[in-house]
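Turn these sequences into a full structure, and let the hints guide you.
In terms of the numbering used here, the sequence shown opens at residue 1 and continues consecutively.
It is worth saying that the hints were derived from the structure and are not from the lab.
There may be inaccurate statements among the hints.
[Unchecked claim] Think about it this way: if two alpha-carbon atoms lie no more than 30 Å apart in a straight line, the pair counts; the simulated BS3-like pairs of lysine-lysine are:
#1 Lys70 x Lys119
#2 Lys175 x Lys165
#3 Lys165 x Lys70
#4 Lys165 x Lys119
#5 Lys165 x Lys120
#6 Lys70 x Lys175
#7 Lys175 x Lys119
#8 Lys120 x Lys175
#9 Lys70 x Lys120
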Amino acid sequence: MRICSALIAAMALMLALSACSSDKSDDSAPVARPPAKVAALGPFVGECGHVTDDEVRALGGLTQVSQAFKNSVGCNWQGGGIGGPSVTFASYRGSPIERERAWVTAQGRNPETIEVEGKKGFQAVDPTYGICDLAVQLGDDFFEWSTAPGAFGQVSATPCDKNRKLAELTVQRLK
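Below, the structure written as structure tokens:
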């Protein structure tokens with residue numbers, strides 16, 4: 001019974017203290033917030049960056065494509081199964097390219113500013129594994145081509161060359 005009385009007394013005290021607040025602010029006044037930024041849609045990059053499976057195989061250095069996964073925002077081609085080379089395309093609407101640059105930097109890669117067909121972007125190479133990420137800014141959007149030689153692949157001295165060729169095709173075919 002004492003516990004019940006103590007709980008009721010504590011709740012009454014909390015209610016009384018909260019009702020006697022010295023804050024004279026008007027809670028009914030709307031809080032001023034800056035308007036949300038509406039990202040302008042950039043050009044349509046198409047499914048898989050307007051690049052065909054055959055072009056990916058030839059330019060991406062895949063002797064064969066064992067699996068291809070495609071959806072509305074990205075595509076991934078695997079050559080030779082698990083542990084084989086891969087090529088990935090991703091499109092980001094209304095997403096800042098600088099966030100991707102920060103992520104790539106956090107992975108230990110050193111992004112280098114580039115330009116593809118007059119569009120600014122960056123490329124970054126993982127020198128140990130030969131992974132290259134190449135991203136191109138399109139207004140408030142960007143797209144990225146990423147390649148990896150796989151667990152058994154040869155690490156190229158210039159792994160981003162194939163990404164650049166794929167990115168050039170994407171930019172040339174923008175709608």
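Are there hints from earlier that the structure breaks, and if so, what are their numbers?
The structure breaks none of the hints.
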